[in-house]
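Got chain Z sorted already, so can you dock chain F onto it with the hints?
What follows is the residue order along each chain.
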Amino acid sequence: MAFRTEQEVDSLHATIECEQPQPDLYKFVGRINIYKDKEEPSCRPLGAENLLLRGATLKNTQHIYAVAVYTGMETKMALNYQSKSQKRSAVEKSMNAFLIVYLCILISKAVINTVLKYAWQWSPDRDEPWYNHRTENERQRHMVIRAFTDFLAFMVLFNYIIPVSMYVTVEMQKFLGSYFITWDEEMFDEELGEGAQVNTSDLNEELGQVEYVFTDKTGTLTENNMEFIECCVDGNVYIPHAICNGQILSAASSIDMIDSSPGGYRREHEDLFFRALCLCHTVQVKEEETVDGIKRGIHQGRPTSFYISSSPDEVALVEGMKRLGYTYLRLKDNYMEILNKDDEIERFELLHVLNFDSVRRRMSVIVKSSSGEYLLFCKGADSSIFPRVVSGKVEQVKARVEQNAIEGLRTLCVAYRRLSESEYQEACHHLNEAKLALQDREQRLAQAYDIIERDFVLLGATAVEDRLQEKAADTIESLHKAGMKVWVLTGDKMETAAATCYASKLFRRSTQILELTKKRTEEQSLHDVLFELNRTVLRQRSISGLSVDCLDFGLIIDGATLSAVLKANQERAGSGNYREIFLEICRNCSAVLCCRMAPLQKAQIVKLIKASKEHPITLAIGDGANDVSMILEAHVGIGIMGKEGRQAARNSDYAIPKFKHLKKMLLVHGHYYYIRIAELVQYFFLQNVCFIFPQFLYQFFCGFSQQPLYDTAYLTLYNISFTSLPILLYSLVEQHITMETLKRDPSLYRDIAKNSLLRWPVFLYWTCLGVFDAVIFFFGAYFLFDNTTFTSNGQLMTTNTQMMFGNWTFGTLVFTVLVFTVTLKLALDTHHWTWINHFVIWGSLLFYVIFSLLWGGIIWPFLNYQRMYYVFMQMLSSGPAWLSIILLITVSLLPDVIKKVLCRTMCPTATERAQSNRPCLTVEPSTIFMLSQSSSRMSF
Amino acid sequence: MMASSYNAKDEDGHITVSGPGGGTLRSKKPENTAFKQQRLPAWQPILTAGTVLPAFFIIGLLFIPIGIGLFVTSNNIKEFEVDYTGVDMSSPCFNCSQNFSWNSTRPCTCTIPFYLDQPYESNVYVYYGLSNFYQNHRRYVKSRDDSQLNGDVNSLMSPSKECEPYAFHENKPIAPCGAIANSMFNDTLELFYNDPNGTRIPIPLNTTGIAWWTDKHVKFGNPGGNPNLTAAFQGTTKPVNWRRPVYELDADPGNNGFINEDFIVWMRTAALPTFRKLYRIINKKSSMVPTLPRGNYTLEVVYNYPVRSFEGRKRVILSTISWMGGKNPFLGIAYITVGSVCFFLGVVLLIVHHKCGNRNNSADISN
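Order-wise, the sequence lines are chains Z and F.
Going by the UniProt record's numbering, the first residue of the first sequence is number 1, and it counts up by one from there.
Going by the UniProt record's numbering, the first residue of the second sequence is number 1, and it counts up by one from there.
So that you can see chain Z by itself, here it is in the shape it has in the complex (with noise of 0.2 Å):
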């Protein structure tokens, strides 16, 4: 019952049953019903292998012909597709957060000065003096009015302290910081012919705050591109165009030498090796396209089609054979042909496929050979096959098996089983049984591969490898240095991931690896299991208590306990937090690897550490259209511009070439841009509280009647023009530690992380240092202006022209100071001065003197005032003017000077040693040798 034209199909008359849309992947239950004239009703059971995804490209046919079952948003992709939210940084959290206490301060200061306004004015001699009368519509307006008014008109005066600049430059500060990240050269891939990309510049920041990293496997870690290494029949060891043995052999003499070797016995095995891995897979042939209407042939020795599987282990596996001389040729009217290295064609009958599965961990084929002969090639992990074996050199390949397994490869067992045509018949009954059924489908071929699955004999063992990408296991070292947490999150199976996981060293030899898997929960109840576990964690760490790092834990989970584990917590809420046990032992793993992960399963776990009770802040790691998911779900989310598609790269937030480039990314540009946005906002609201304090402060010696400090144009200028150049720049080149030590001391990565710079206390710090500076600015340039209260009598601030100064005269005073203190106060936070500091912040300087001579120095036509003529040089006339600026500069400054050094002195950081250092190590390089060493046998 074939359809192969359009008529035929329309012939067709049936119903499809399935299942409602859900998400995972590997999973479809429906039946189709077939109804023909007459006859009964046939039933055919419709599984995952049935059904293509949405998305899914056409290799090796021109059509198909099809039925929708799940469209739109009922798709399994769509399913599995996060929708994208917008994404925030911690930094803006607190930058947020902040703001609100300021505006708190904002409201209390107007609300203070409102109530004390009322009060002391409630003397109509003070609120109307003779000299100051009210006009007459003011003096009819009603009490209330005319306090709310002047609860606005307090705001008005007091709104610099909220930072609204500050936004502005933050934005700018991101946008063109970005730009590092792109024009970076390191993070260019010649290879590629691209460099990173950034998508969004708003969480520059959170680069530099990352404590868990979650990654996948294929394609991020490795560069997916399986590679055959070698295979072992019987214990020998063959590799196509490599060293074998100290001596460089092609194929053809490796196979050569067994020629030469004897025994038939061995000889048969070596055929039937080759014929198992030429037979026992799924792979297609694609041939390849006409090029000039020739259709070039297979014969023709080299290669000139492709192979197409779904896993990448099979085509490596197949080619691998092609090198060695056994060529797979395609797949014709369920013959497999192949072509052996005597260059003739043998044919197969394929029988029967027995297909992979995640449980048994291996699929074997049935074939009937033109001899007639029934054989079954078995091919799986080998934890699966061992049982099952009954012969062969069990001992010289389990040797073999664990010791390329040590070395990350990916490793496969091959067995036989000949069989008799009744053993042949019985299993045919056996698997057409099971396949028919409609209930437990699963459950009965399972049980029926069981029964054929067995007395093999072991032919030999390959080796296959996915390389990992450059510099990766280096990267994650790193990384695991820098404090973060490397959790690999990958749809492979558990044996795959893990070799990969000791090659890249996120597991090392150390690691006490606990496993939560399908096969262990099977055994006991998760329930158990993970007491189990936790109890291991919990008293590891209360035995080892000193020596931590010395004993790390590496945890294994896989997808169905993971659901299991996250389904449990939801059905009984409250009692029995499988979820909070889960993350107990989470937090005390190093490292994690979660293997058979469905995509929607990557971004739940994502989302499970990022509301667990500390917060973290994560960063996923992907290449392909099943990490997108979890790239949207993390706090960052980056993508590699991988072999395959973009659509990774195009839903990150940050697109890079290699994994590698992820460590400058994080330990370089992710610290800079911290400590430099950290910088920017402290010193946005520190500069805004100095500005505005001593104007709360004047509003006491001046009726409250809300008369601004500073001029008009001070009060727009101070932070658009006067303040906001330096520090935009301070933001966008500062780096208080050089990118080399940065790179070779992880560690310092700590020292930024929890958001240390930008915490309460840090704030609070700051904020302490913005009221005192405004207090000295207010009360320096009181006690100089004011003759009654300190000092009794005498005449201050005067020119030797003996001219009195005014209220103009004195906010362009505090004024100053003020300019020159912030500029000043960044100048000493600045640890790396390049032209463009020099000229930013003296320039600044120089802008705010020569805008201020201009600014006083014209009657301005168009302004209705000229209160401010000659205001400033008048005070410049003046000596004792420069002596109070020196002054209160100096004063100003001192606290945070004294802090820094003491600090230093005391108990330094991290950081604050590396900087220190910085002269004598480059003087001393035996200093860095004993250092590195010294560090590098702290973390083994």
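Incorrect hints may appear among the rest.
To be verified - Going by beta-carbon spacing under 8 Å, a handful of chain F positions derived as facing chain Z: (1) Gln37; (2) Ile46; (3) Pro113; (4) Phe114; (5) Tyr134; (6) Tyr140; (7) Arg244; (8) Trp266; (9) Pro273; (10) Tyr335; (11) Val338; (12) Ser340; (13) Leu350; (14) Val352.
Stated by the list, open to error - Ranges of calculated distance between the beta carbons of each label pair, as one might list FRET restraints: (15) F:Gly50 / Z:Asn96: 50 to 60 Å; (16) Z:Glu6 / F:Glu31: 52 to 62 Å; (17) F:Arg244 / Z:Val101: 54 to 64 Å; (18) Z:Val101 / F:Pro245: 36 to 46 Å; (19) Z:Val101 / F:Ser309: 41 to 51 Å; (20) Z:Asp127 / F:Asn103: 18 to 28 Å; (21) Z:Val9 / F:Glu31: 55 to 65 Å; (22) Z:Val101 / F:Gly50: 33 to 43 Å.
FYI, nobody ran anything at the bench for these hints, they're computed from the structure.
The beta carbon of each residue, even a glycine, is placed where N, CA and C say it ideally should be.
Structure of chain F alone, referenced to chain Z:
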């Protein structure tokens, strides 16, 4: 291994996709400039005890002498102050202050005797001081029209709204308008030296040179360029509280109208509610005789200015000045204090640096 996982990334299977052409490849490569690679040459200072120490000592050594200099200078300045508000019954101006009324035509005069126990050698500056007078009140500060004061004829006839309620009086524009001008200090102070032989010698008081030069010559100007000020101010009326119109402030045409220096000084609003303003200058006549010799003096006050309604005080101050202005011990004391604190901190840091620095170094080495 069939379908070991559905990999969306396997869309491409194993067909190798040839990368983009070499040409586009090059253009995408970021430029290797120092700025773009964040490798600009830079000076990298660190604030350590070692670098800050010398700065502290230098500041200490610089500030203390400056402070001492300032303090000594300030102490050498001679200053005399007398309060003539007339709050007490005993005060000579008590009657004037009690009987004050805006409408009285006959000026009230009071005489205050005082004694200077040391001679004032150099130029002496006479100030009047007011307390509890909020010249810095917002409503007050803005109540002026700078273009009117600059001599603009349009503004003269239609003063700015800021001057309200002191802009118009009986439908005539007020010149100068606004609360500041309206409340101009109008006590007249005269100083007499009581010669030991009993004669009262009037001391000449200079009315000019007390305002900023730029204010007098640029910022303020009489309207119209008409030398006859009476004509120039035609159609305007005097401020409500003034006794004379603005064009009768002084007989000297160079010090009359808006460019009257007493007026200009008043118009520069003070920063704080207690302030003093320059009133007159007593110039030194010759180097032989002190400007104000030791002895008895009489201050004659024409008491026009009411301050008791807002609990204000009025003072007269006589003061000499130095290079650093008037009497101001604060600056000197502040300099001495800051200098000493810096010096002290320098010593503390030196000790800390010595102890901790050694400890850190040894820790580094032993590591």
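Could you check the structure against the hints above and give me the numbers of any it violates, in ascending order? 3, 4, 7, 8, 12, 13, 15, 18
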